[in-house]
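J.: So you can see what is in the structure, the chains are spelled out below.
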Amino acid sequence: MNTPNRLLLTIVCEAVLEPLLEEELPPLGVTGYTITDARGLGTHGRRSGAWRKEGNIRVDILCDPALAERVADHLRREYEAHYGLLIFSSPVEVHSA
Amino acid sequence: MNTPNRLLLTIVCEAVLEPLLEEELPPLGVTGYTITDARGLGTHGRRSGAWRKEGNIRVDILCDPALAERVADHLRREYEAHYGLLIFSSPVEVHSA
Amino acid sequence: MNTPNRLLLTIVCEAVLEPLLEEELPPLGVTGYTITDARGLGTHGRRSGAWRKEGNIRVDILCDPALAERVADHLRREYEAHYGLLIFSSPVEVHSA
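Chains as they are written, first to last, in numbering that gives the first Met the number 0: chain Z, 0 to 96; chain X, 0 to 96; chain C, 0 to 96.
In short, the hints are calculated from the structure, not lab data.
Note that the coordinates shown come from a computational prediction; the quantities given were computed from them, not determined experimentally.
Every residue, glycine too, gets a C-beta built ideally from N, C-alpha and C.
Take the hints with a grain of salt, since some may be wrong.
Footprint (simulated), chain Z over chain C, 3 or more residues, beta carbon under 8 Å [stated by the list, open to error]:
no.: 1; stretch: 27 to 41
no.: 2; stretch: 86 to 95
Here are a few chain X residues that face chain Z, going by a calculated C-beta distance under 8 Å [said to hold, decoys possible]:
no.: 3; residue: Val11
no.: 4; residue: Arg38
no.: 5; residue: Gly41
no.: 6; residue: Gly54
no.: 7; residue: Asn55
no.: 8; residue: Tyr82
no.: 9; residue: Ser88
no.: 10; residue: Glu92
no.: 11; residue: Val93
Facing chain X, from chain Z, some residues (calculated, C-beta under 8 Å) [stated by the list, open to error]:
no.: 12; residue: Asn4
no.: 13; residue: Thr30
no.: 14; residue: Tyr32
no.: 15; residue: Thr33
no.: 16; residue: Ile34
no.: 17; residue: Leu61
no.: 18; residue: His94
no.: 19; residue: Ala96
Chain Z with its partners taken away, still in its complex shape (with noise of 0.2 Å):
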């Protein structure tokens, strides 16, 4: 029943890179995600200061501690220049996967 070492990880990134998150994730060994339709407000990634409220998306991914690190490199790498971005995760016990 205990699976030790798996993580949440959660983005919280505008939705217009949805599409590219769903190219994206399976390459970096993503092999399941949930997504769900968020608005909020804040100063993500380096658009420091952009307090905006409108579409965006979290997506939330069940992983090990591994693979949070390359998908949050990756993301950082590609997004953070140039779109709103927050990363974060926290470990978690799957009950049934």
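With chain Z's structure known, arrange chains X and C on it following the hints.
T.: Same frame as chain Z, now just chains X and C:
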């Protein structure tokens, strides 16, 4: 303020299960839950290889570990064989409930 | 990369509170939040026994423990008596913000 041993149990499943969960969760002891619409992709449950992107839901339940186990056991037994199902939990501190 | 002592503070409340939160959170020190629409059922706040299923929202705020306390204190004081309210937090590691 601190409420030890509280978990956030998260269930990601097909939206068709929502009315079933609404009937089945309260008798198991669940007194509250939050549902959000989601979409995604994954090899959840035993439908390995089923990559879909369609109407899913995410159900979050604040509960203690025993109730989390009871709910997870029930859902695995009833739905894992035939539906996409992802269940995980993480410890949370409750500030107001 | 690692940002110690970061929390994800989650507020589940009635959607009618959204414009009030948008006004009240920034003066408390909140610089970013994510809102998702939710529905659910529960005996939240002091409206014990109020089982409802209707327009709720989920507000997620990435913050430090002091800000989480400040926001939770404010919301309890202002809204717990008259609105359904659920507030919880969990530690997260921030990969990009």
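J.: Tell me, which hint numbers fail for this structure?
T.: 6, 8, 10, 11, 12
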